[in-house]
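Asker: Protein sequence lines correspond, in order, to chains L and Z. Mapping to numbering that gives the first Met the number 0: the first sequence position 103 is 102, numbers consecutive. Mapping to numbering that gives the first Met the number 0: the second sequence position 35 is 34, numbers consecutive.
In short, the hints are calculated from the structure, not lab data. Don't take each hint at face value.
Claimed, not checked - When the alpha-carbon atoms are kept at most 30 angstroms apart in a straight line, the in silico DSSO-like pairs for lysine-lysine are as follows:
1. L:562 x Z:3
2. Z:3 x L:271
3. Z:3 x L:489
4. L:271 x L:489
Here the structure is a predicted model, which is why all the values come from computation and not from measurement.
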Amino acid sequence: MDQFTLNLIVVGASFALYIGIAIWARAGSTSEFYAANRGVHPVLNGMATAADWMSAASFISMAGIIAFVGYDNSTYLMGWTGGYVLLALLLAPYLRKFGRFTVPDFIGDRFYSQTARIVAVIALLVISITYVIGQMAGAGVAFSRFLEVSSSTGLWIASAVVFCYAVLGGMKGITYTQVAQYCVLIVAYTIPAIFISLQLTGSFLPQIGLFSADASGQPLLAHLDGLLSDLGFRTYTEHHSNTLDMVLFTLALMIGTAGLPHVIIRFFTVPKVSDARASAGWALVFIALLYTVAPAVGAMARLNIINTIYPNGIDGETSLSYADQPQWMSNWENTGLLAFEDKNGDGMIQYYNEANAPAIAAENGWAGNEMTTFNRDILVLANPEIAGLPGWVIALIAAGGLAAALSTAAGLLLAISSAVSHDLIKSVINPGISEKGEMLAARVSMAIAILIATLLGLNPPGFAAQVVAIAFGLAAASLFPTIMMGIFSKTMNSAGAVAGMLVGLLVEMVYIFTYVGWFFIPGTNMLPNTADNWLFGIQPASFGVVAAILNFIVAYIVLAMTKPAPAEIQDLVESIRVPRGAGAAQSH
Amino acid sequence: MSDKSATAYWAANIRLITICLVVWGIVSFGFGILLRPLLSGIAIGGTDLGFWFAQQGSILTFIVLIFFYAARMNAIDREFGVNE
Numbered sequence: 000m001d002q003f004t005l006n007l008i009v010v011g012a013s014f015a016l017y018i019g020i021a022i023w024a025r026a027g028s029t030s031e032f033y034a035a036n037r038g039v040h041p042v043l044n045g046m047a048t049a050a051d052w053m054s055a056a057s058f059i060s061m062a063g064i065i066a067f068v069g070y071d072n073s074t075y076l077m078g079w080t081g082g083y084v085l086l087a088l089l090l091a092p093y094l095r096k097f098g099r100f101t102v103p104d105f106i107g108d109r110f111y112s113q114t115a116r117i118v119a120v121i122a123l124l125v126i127s128i129t130y131v132i133g134q135m136a137g138a139g140v141a142f143s144r145f146l147e148v149s150s151s152t153g154l155w156i157a158s159a160v161v162f163c164y165a166v167l168g169g170m171k172g173i174t175y176t177q178v179a180q181y182c183v184l185i186v187a188y189t190i191p192a193i194f195i196s197l198q199l200t201g202s203f204l205p206q207i208g209l210f211s212a213d214a215s216g217q218p219l220l221a222h223l224d225g226l227l228s229d230l231g232f233r234t235y236t237e238h239h240s241n242t243l244d245m246v247l248f249t250l251a252l253m254i255g256t257a258g259l260p261h262v263i264i265r266f267f268t269v270p271k272v273s274d275a276r277a278s279a280g281w282a283l284v285f286i287a288l289l290y291t292v293a294p295a296v297g298a299m300a301r302l303n304i305i306n307t308i309y310p311n312g313i314d315g316e317t318s319l320s321y322a323d324q325p326q327w328m329s330n331w332e333n334t335g336l337l338a339f340e341d342k343n344g345d346g347m348i349q350y351y352n353e354a355n356a357p358a359i360a361a362e363n364g365w366a367g368n369e370m371t372t373f374n375r376d377i378l379v380l381a382n383p384e385i386a387g388l389p390g391w392v393i394a395l396i397a398a399g400g401l402a403a404a405l406s407t408a409a410g411l412l413l414a415i416s417s418a419v420s421h422d423l424i425k426s427v428i429n430p431g432i433s434e435k436g437e438m439l440a441a442r443v444s445m446a447i448a449i450l451i452a453t454l455l456g457l458n459p460p461g462f463a464a465q466v467v468a469i470a471f472g473l474a475a476a477s478l479f480p481t482i483m484m485g486i487f488s489k490t491m492n493s494a495g496a497v498a499g500m501l502v503g504l505l506v507e508m509v510y511i512f513t514y515v516g517w518f519f520i521p522g523t524n525m526l527p528n529t530a531d532n533w534l535f536g537i538q539p540a541s542f543g544v545v546a547a548i549l550n551f552i553v554a555y556i557v558l559a560m561t562k563p564a565p566a567e568i569q570d571l572v573e574s575i576r577v578p579r580g581a582g583a584a585q586s587h
Numbered sequence: 000m001s002d003k004s005a006t007a008y009w010a011a012n013i014r015l016i017t018i019c020l021v022v023w024g025i026v027s028f029g030f031g032i033l034l035r036p037l038l039s040g041i042a043i044g045g046t047d048l049g050f051w052f053a054q055q056g057s058i059l060t061f062i063v064l065i066f067f068y069a070a071r072m073n074a075i076d077r078e079f080g081v082n083e
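Produce the complete structure using the sequences and hints provided.
Answerer: Below, the structure is given as structure tokens:
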């Protein structure tokens with residue numbers, strides 16, 4: 000059986016599994032649709048949260064981003080896990096006690112203001128649509144490979160599938176589907192990693208293999224560092240980037256995690272306040288299974304790529320001849336996401352850093368780096384092929400990548416549609432809207448969000464994980480500080496919250512758009528998106544921390560100039576701080 | 000719940016949160032980034048302890064922190080009689 004058929008069978012089987020579970024689980028629990036989490040064991044709920052949270056950025060993109068940079072991109076690992084500590088300690092238990100279904104509901108009620116609710120909806124839409132662009136970019140890469148089409152065709156197919164998937168609606172609410180998606184995703188990610196770790200280091204656990212010796216006799220990371228510096232690249236384990244930016248980027252991802260609407264809503268519906276605390280812990284356990292494997296995947300893949308291109312070692316005169324290239328290279332060349340150019344006409348591929356050309360380049364007559372394109376987002380998907388693993392593993396990883404992208408995209412689209420139909424139309428514009436009208440508004444807003452994300456995803460402002468990081472910068476700047484103040488400051492009033500949110504969101508948006516283009520439209524940026532042009536070397540996503548600080552400062556200045564929150568609101572804040580008496584979450 | 004015990008309960012919570020967040024910051028921003036040069040003497044598999052904290056250790060510490068906080072808070076809830 001050829002690889003293409005195998006891919007179709009495995010991906011098709013995984014989809015059949017999700018739909019099957021959705022139908023099976025739905026029959027018994029239609030009435031408990033919104034409260035699907037209740038009565039589900041916290042461990043299973045943690046798995047479902049992990050599937051909801053780990054997206055194309057985590058699964059498809061992150062290891063590739065780490066592989067080509069090394070230590071400096073550890074920020075993604077710490078940032079996307081450290082946020083769960085903030086969620087468990089600072090937000091989840093109190094939001095659960097408050098008992099609403101959406102983030103704008105909390106902000107609108109706590110700050111007793113329709114304006115605050117509307118600003119929160121706008122922030123939510125900006126964050127979620129940016130996030131969906133990243134998902135579409137990742138899902139597009141996965142579809143282009145396993146259906147063997149160009150990357151833009153892959154993206155359009157992905158958008159059609161996401162649309163059908165999200166509009167099926169009920170699927171998202173059913174925890175067991177997400178548990179299945181988590182299982183597919185984690186098995187697909189770890190099996191190739193275990194195989195590769197065994198091949199390279201003999202260690203069964205990739206987390207141990209990363210720090211073990213390989214066939215060269217030296218530690219794998221030391222071996223990799225040596226090869227990279229011989230080829231003129233920066234070493235893998237050393238720190239090269241701007242330290243301030245590294246700290247801010249990590250912090251932006253952390254507080255962004257705690258401000259993401261589709262993550263926060265998972266904690267609204269757990270049965271008890273104490274469960275809200277623990278469920279963040281269980282979610283992180285399941286997330287950590289992928290996140291501790293990812294750095295091993297990255298380092299080992301980088302080593303395997305170098306070994307593939309220089310089968311006789313980098314000191315020899317010969318490298319991989321283009322005619323003999325392995326199947327995975329030609330497969331990915333078809334998608335346009337991997338490209339070679341034989342600059343010195345010797346029929347062989349050379350891969351090195353031409354900007355810092357090593358001595359061996361001149362000695363061997365190399366005329367430039369010949370692996371001209373290597374899209375970071377293909378690394379995880381290509382990884383089993385690079386390591387020469389069996390066909391079923393390759394098919395499995397396609398299914399896993401799609402599970403990650405689809406489960407998160409569906410969650411985000413649900414957050415977008417409920418913000419528009421419930422928080423904006425039902426609560427503000429037209430309270431008398433019929434249930435049918437509300438559903439229609441939800442579907443239309445989903446379709447528009449997918450269309451925008453697909454158009455912008457055709458030429459994304461970065462690799463999937465980088466686009467998603469920008470969404471985190473926006474969440475950090477706007478929603479996190481406001482929710483924090485809603486819980487930890489009894490006196491914070493509506494004027495302060497609204498002013499803070501607006502300043503935080505606008506400052507971060509303007510900073511991002513200056514470098515990546517207005518509304519992410521390519522070519523409309525005013526300054527090139529490089530470290531030399533950033534303010535103090537702070538990249539757009541990291542700037543979310545600066546904007547968050549401005550959000551706090553502006554809110555407190557406005558509070559000092561206006562009347563504090565009324566007594567009944569202060570009593571409300573008092574009551575959400577103690578767990579006793581938490582009823583079921585209720586609609587506004 | 001009286002005002003006095005409500006204040007004491009909240010103060011106990013804030014104290015616990017502060018302790019946990021100090022550990023959270025030390026393992027990630029500290030050992031993983033800013034203090035890494037200080038840990039460079041401790042070699043681990045071809046690199047140093049700071050690298051291990053940045054790519055493995057901080058994540059494992061985060062898990063422990065959340066369960067520690069949840070367990071301690073459950074005890075504090077019972078102590079103040081505000082458990083569910």
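Asker: Could you check the structure against the hints above and give me the numbers of any it violates, in ascending order?
Answerer: none
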